[in-house]
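Trainee: Following the hints, put chain D in place on chain L, whose structure we already have.
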Amino acid sequence: MFSPDRESMHPSRLKQLQLERLRWSVRHAYENNAHYRGTFAAAGFHPDQVRSLDDLRRIPFLTKQEMRDNSPYGLFAVPMKDVVRVHSSSGTTGHATVVGYTRNDIELWSTLMARTIASAGGSAEDVLQVAYGYGLFTGGLGAHYGGEKIGATVIPISGGNTDRQLMLIRDFGTTMLACTPSYAINMADFAARHMPEFDFRKTRLRRGIFGAEPWTEAMRKEIESRLGIDAYDIYGLSEVIGPGVSCECSAKSGLHVFEDLFLVEIIDPATGEVLPEGSQGEIVYTSLTKECCPVIRYRSRDITRLHRDGCACGRTLVKMDKVCGRSDDMLIIRGVNVFPSQIEALLLEVEGVEPHYQVVVDRRGALDDIEVMVEVDEAIFSDEMKVMNALAEKIAARMRSTLGITAKITLVEPSSIERGAGKARRVIDKRKPQ
Amino acid sequence: MNITQISVFLENRPSRLRQVLQVLADRSINIQTLTIAEVSDFGILRLIVNQPEEAYAALKASHITCSRTEVLAVALEDTPGALLRLIDVFSSRRQINIDYMYAFVDRRDAHSIMIFRFEDIEAAKQALAEEGYTVLKQAEVLGQ
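Chains as they are written, first to last, in numbering that gives the first Met the number 0: chain L, 0 to 433; chain D, 0 to 143.
Looking at chain D on its own, in the form it has when it is part of the complex:
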């Protein structure tokens, strides 16, 4: 199951991030996790939220440049070497490229959840299935 991530274009100026957060707060949209990639002038804010479609519509209505991106979420034991073994699924012989990734802790138990953006999401899903990993559903990522 793919997870919908909301990606937002932000100029690196005071109050730009605040405006985005205000739009989400006004609609009682909860942020599960986020990450920002930045260069000097602008950044790309990536969000996992509880209502991605509503968030996307609200941001668009506020004239904020944003998009929906399909990503994969994978649960991981919080133990040494766990991430290494997971990454090996993509890198060793399959040569599946990861565009970017970030992590947060599952609120239900002590698992880590890794979010991945792949060039080829279908190949990544197949590789995970072959190696016995389960990709999480949107609801599971949200701790529901």
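Chain L with its partners taken away, still in its complex shape:
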């Protein structure tokens, strides 16, 4: 553990620390930001009302829309002279939001990412290849600062240039990789196609921290077997701070949330009601020490579940499940709510289908049409038409029975579906915005 006194804190002491910090954070937001002052007042809330952690429920939510409306600097709570950096969200689901960092915020974030690297078994001994994009996206610089904080040797290669990535893994003795899970698979694909002499098992690569997009257990198995490494899920969102909000430990059974720095709640996305621990719903974040952009009850739109299991790693921190979907990405197809991750899980269950797929949603007349394109590789290809048809029918039948939607299944050639260095584009929604 990078911060053992915090990460393995006794729960009652942790709660005390959270309450003290919550009081500071809410007051800081109220006193130094006009938007928070306005929404708190409109909800009849004043920072003096926070006497216990349960009083968090009195505070109004902060939505993504409010963040966009206040872009770029409307949610800053410090003077610009104290802001040392800005980042921006990737804007995959709409307009980008801008977040700022004071020097202390950068220090906090570096510590979070150092904890993340340590949680995945990394240390000062590691050579960390950061293949997340550098720039406004928080992935690259977040991993970079965390790597330096823990004392690892950081290779700041950024995303793309796959042939060069592989050469550096081999020649620079990279032991730890940080990138999106789809890019890790992309690297394995590239090596198999263009560098037949390249063998991951002959390199020093041992572990990787993968995040910035949802991925499944099957993808973990694929990455671990093809790259010969341990693959850990890491999580974060730029609105809250960037990567480093939570991460898996050696148990790989959920992501520990760094609760000494962020309070988390699970709510019903439809009603906003706080749900008991163990329920699935939207995760809501409250920062406890951030200076520039305090987030008070920020609705992440990420769907997950919180649980405590007395983890063998020694951390007392709550665990969140892998994010199983975003309420933003939720597709409503003929009135049925569907997450792309559900489609992915279903495809992986149907024997032999590799996880390269794309969902296209369109509207024909008054009805929604959904088409799922699935790449056919040699493992599932048959020279018999009846076998190929049976595969498509099996996928369609599973979609009907488990998701309740009737989809057209189209079998396509490998590489028909675009794979980039960044986030895989799994869903194309051609319907007009409502």
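These are calculated hints, taken from the structure and not from any lab test.
Note that the coordinates shown come from a computational prediction; the quantities given were computed from them, not determined experimentally.
Careful: at least some of the hints might be erroneous.
[Stated by the list, open to error] Derived DSS-like pairs (lysine-lysine); straight-line CA-CA distance at most 25 Å: (1) L/Lys201 - L/Lys220; (2) D/Lys59 - L/Lys385; (3) L/Lys385 - D/Lys124.
Mentor: Chain D only, in chain L's frame:
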């Protein structure tokens, strides 16, 4: 003797077939015969070529989804009723199922050559032997 057929997955889009043919032409691989099974979105191209292993390796190297399939080739008199008598070998009492079949004309003489894909290729071979049919070797199919 089994014959190696190359089977290729093709999306039903312009230039997909062309790409496959280009790969084969670039390596001077000759196509003896071919057939395509298709549905609306995709097809399965089945090829008998003079160098099946080279063809398979070249297609794979070009990231084209393909496989090698064992099929049987049988020479047949080009006369009325010849195919019926041959099919009877499988269907009458043996109940050997044919997955698919196609035909072309032997370049050496006026024989037809039938290509068969069976569910149970060993049972089919045994049946043909029992009824006095000879299965052709790869070289014979190629007219060599």
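Trainee: Run every hint past the structure and note whether it holds.
Mentor: Hints versus structure:
no., hint, result
1, L/Lys201 - L/Lys220, "holds (19 Å)"
2, D/Lys59 - L/Lys385, "holds (23 Å)"
3, L/Lys385 - D/Lys124, "holds (23 Å)"
Of the numbered hints given earlier, the model fails none.
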